[in-house]
Amino acid sequence: KSNKIGFFIKVIPQREEGDVTVAFKLRHDFRNLAAPIRPTEEGEATSEAIWLTHHVELSLGPLAT
41 KSNKIGFFIK VIPQREEGDV TVAFKLRHDF RNLAAPIRPT EEGEATSEAI
91 WLTHHVELSL GPLAT
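Everything in the sequence shown is counted per the numbering used here, starting at 41 for the first residue and increasing by one.
Don't read these hints as lab results, they were simulated from the structure. Be careful, since some hints might not be right.
As the list claims (entries may be wrong) - Here are the simulated SDA-like pairs of lysine to any residue, each with C-alpha atoms no more than 20 Å apart in a straight line:
#, residue 1, residue 2
1, LYS50, LEU98
2, LYS65, TRP91
3, LYS44, PHE64
4, LYS50, ASP69
5, LYS65, HIS94
6, LYS50, PRO102
7, LYS44, ARG71
8, LYS50, ALA89
9, LYS44, ALA89
10, LYS44, PRO102
11, LYS65, ALA104
12, LYS65, ARG55
13, LYS50, VAL62
14, LYS65, ILE49
15, LYS44, VAL60
16, LYS65, THR105
17, LYS65, LEU98
18, LYS50, ILE90
19, LYS44, HIS95
20, LYS50, THR105
21, LYS65, ILE90
22, LYS65, PHE48
23, LYS50, TRP91
24, LYS44, VAL96
25, LYS44, GLU97
26, LYS65, SER99
27, LYS50, ARG71
28, LYS44, LEU92
29, LYS50, SER99
As the list claims (entries may be wrong) - FRET-style restraints, in silico, Cβ to Cβ:
#, residue 1, residue 2, range
30, ARG67, SER99, 18 to 28 Å
31, HIS95, PHE48, 39 to 49 Å
32, GLY58, GLU88, 38 to 48 Å
33, GLY46, LEU92, 13 to 23 Å
34, GLU56, LEU92, 29 to 39 Å
35, GLU88, ALA63, 28 to 38 Å
36, LEU92, ILE52, 40 to 50 Å
37, ALA74, ALA104, 21 to 31 Å
38, ILE90, GLN54, 12 to 22 Å
39, THR105, ASN72, 40 to 50 Å
40, LEU100, LYS44, 18 to 28 Å
Don't be surprised by glycine CBs; every beta carbon is placed ideally from N, CA and C.
Taking the hints into account, I'd like the entire structure generated from these sequences.
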């Protein structure tokens, strides 16, 4: 299985011309379900969630005129 994310960006230019670059941080929890997991004493498998943070910088190209 994989997760997908979609978003809509509305850009307000700060300059008359040049390239458009958008930067943001994406934070999500991650559970590694593919790795071997040791069962707990009750016999149930647990998967601990960890938080991942990605710094994303998108170059959207030249400013449209």
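Enumerate the violated hints, using their earlier numbering and listing them in ascending order.
4, 8, 10, 11, 12, 15, 16, 18, 23, 27, 31, 36, 37 and 38
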